[in-house]
Amino acid sequence: MCSIDQDVDMPVPKSKITTRRDLLQGRCHKCKEAPPVVDMKRVQYCRPCFIESVLYRFKLAVMRGSKEPDGAKVCIAVSGGPSSSLLLEGMKRFHAIDPTNPRKRRKFSEMIVCYIDTAAVLGHSEKAVEIDQAAKEAGFEFFRVPLESVFLNPDGSDPGVLVPQGINAQEIIQLQMIQQSTSVTPAERLQQCVHALGKATAKEEMLELLTWKVIIRLAKREGCAVVARGDNSTRMAVNVIAQTSRGRGFGMPVEMSEHAGWYKGITIVRPLRDILAKEVAVFNRFEQIHAVLTPEFTTGMPAKASIDRLTEAFVVGLQNEFPMTVNTVVRTAAKVVTGYTDEDTTPCPLCDGPIQKSSSDWRARHTVSNLAAVKNPASTTGGVKQKEDGKSSPCSNDCACSENVTSVTVPPPSISTSCCSSTRASAKPMDISPHICYACQNLCRDVVDTAAAAAVTRRKTAAPLPTSQNPASATSIAASIAAPPPEQQQPAFVLPAYVAEAVVSRKGRDWMKKEIGEFLIEDGED
Amino acid sequence: MTLTITLEFSGGMELLFNNEKSKQVTLPETFTPGSATLKELLPWVRDNLLTERAELFMQGETVRPGILVLINDADWELEGELEYVIKDRDTIVFISTLHGG
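Residue numbers (full-length UniProt numbering), protein chains in the order written: chain A, 1 to 526; chain B, 1 to 101.
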């Protein structure tokens, strides 16, 4: 029986209770045993704990990112850089049969490695061999696709090329494009397309979006339901800011969200989305993963060479001081919703990203790109509406009636006068600008003025500028990459023909929808 | 006694160092064993080994943000960064983590 008078032996509380969660000075924060070798966001890991932590986050991102039923085929997009090499190694380990449980089913049925060869623009064709080797070691099928194949149809036939009407930049940026057959090789078309853009930012962006187009095309052709990309966390944080400043804010969730669901039939996973660039470098060093050096347009250039480069310097500098910067940016951006999921949001024919409705109206309201449009304000509201008014047939100007316009050879405009002529091809220029997204419009507006460039070249030959004022020749590395070949000094801007195909099919759809509009039953009607 | 260390460059850093990925160097007499730190080494590397674009390697007294330094395969942030005292036969690795090197 207890009594309050009785003395009870109470355990004397210790001055400090050590728990599993306590951090020990000079020990790994996870296992509390080995000395730490890396410091990531103020967490210190020993080598085995660090490797395990990276692989765990990799696996988590793959499992969370792909809600596909088991047995899907995966296309791993690699460039050969550090993140790509880690992606390849991580996928190899993810796909390996579990030695402790060999009967456990694999998440994915098959994996292929796809490398888009940008040698036509950036040089360094020897890279493909090294990446081929790495893919073979991983045991995956390797596809090397030259970037210039984007100028051909998926079946390999030549659809010609889109050339702008007009010669100076003012006329070119109106984007009145004519589809023509050409004798220029796809590689030269690619060079024209990229080098006609004046700014390094635009060149990078054009290269990026064409590369992505080719990856998606290959994934579709090979029946892959999942595409794995090697964007690391730092890169994604840079992309949030860089892409928004280039006018791609509307499509940001497509890049950032884990479940964007934008590309029909293809899921995009980013297994490195929680792994910092620093972690990639340390992991590759510890696990002896060899990366191929992949120079870009701005390799070896100062930070102000392009928006991407500048943003990267900004983010990395901040990250040095505040280690949660990248995480905060990526996680915040992943929550952004822009309404791209609306049913009637259409993909941009050039970049495949979502088009924000009325973006061309918005541009027309606050910029002047066409004097005629200012004189006649009614025509500023975008080409689509303009055409819908008062034209009952789509073939009066835009060749929606030619079902197979891309596979026919189009004679020069002087020969053919009607789009419904026997050649069944569009001879009149089609207005691309209302159909492409805001950022792609911006991109195409960076076309160098060939007339002005020629004048500058003439001035240069008369009185050569000191090399320090010319950013392209500031470094030998950059100069070899960034400067177009001498014979391509004044290239005319071209676009791949798939853009026309998409525009034509969209116009056809709009026209048909209008024609049968009154017979359609709207949702909500009985 | 002099200090002999191995320097390694990767991730695009080698482009600034005459495409040499690894280099063994013997530091001059000015580096006193036992007191010479990374703070002295970095300017020496810049002035003696760097072949291109010093501003892409250093910013102020330290390396540019985005360049990772490992000392004997351990993060230099754990070793005291610039205050680390160089020992004989150390391996110091510079890795660029920037996109495109």
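Be a bit skeptical, because a hint or two may be false.
One side of the interface only, derived from the structure: several residues of chain A facing chain B at Cβ under 8 Å [stated by the list, open to error]:
#: 1; residue: 82
#: 2; residue: 138
#: 3; residue: 139
#: 4; residue: 235
#: 5; residue: 288
#: 6; residue: 298
#: 7; residue: 304
#: 8; residue: 317
Everything labelled a hint here was simulated from the structure, so no lab data went into it.
The structure displayed is predicted, hence computed values, not measured ones.
Positions of the beta carbon are idealized from the N, C-alpha and C atoms, including for glycine.
Evaluation of the provided hints:
1. 82: 6 Å, holds
2. 138: With a minimum Cβ separation of about 21 Å from chain B (threshold 8 Å), the hint on residue 138 of chain A is violated.
3. 139: Since the shortest Cβ distance to chain B is 26 Å, the answer is violated.
4. 235: With Cβ-Cβ at 6 Å, under 8 Å, it holds.
5. 288: Check failed: Cβ of residue 288 of chain A comes no nearer than 11 Å to chain B, outside 8 Å.
6. 298: 6 Å, holds
7. 304: 12 Å, violated
8. 317: Holds, about 4 Å.
Checked against the numbered hints above, the structure breaks hints 2, 3, 5 and 7 and satisfies the rest.
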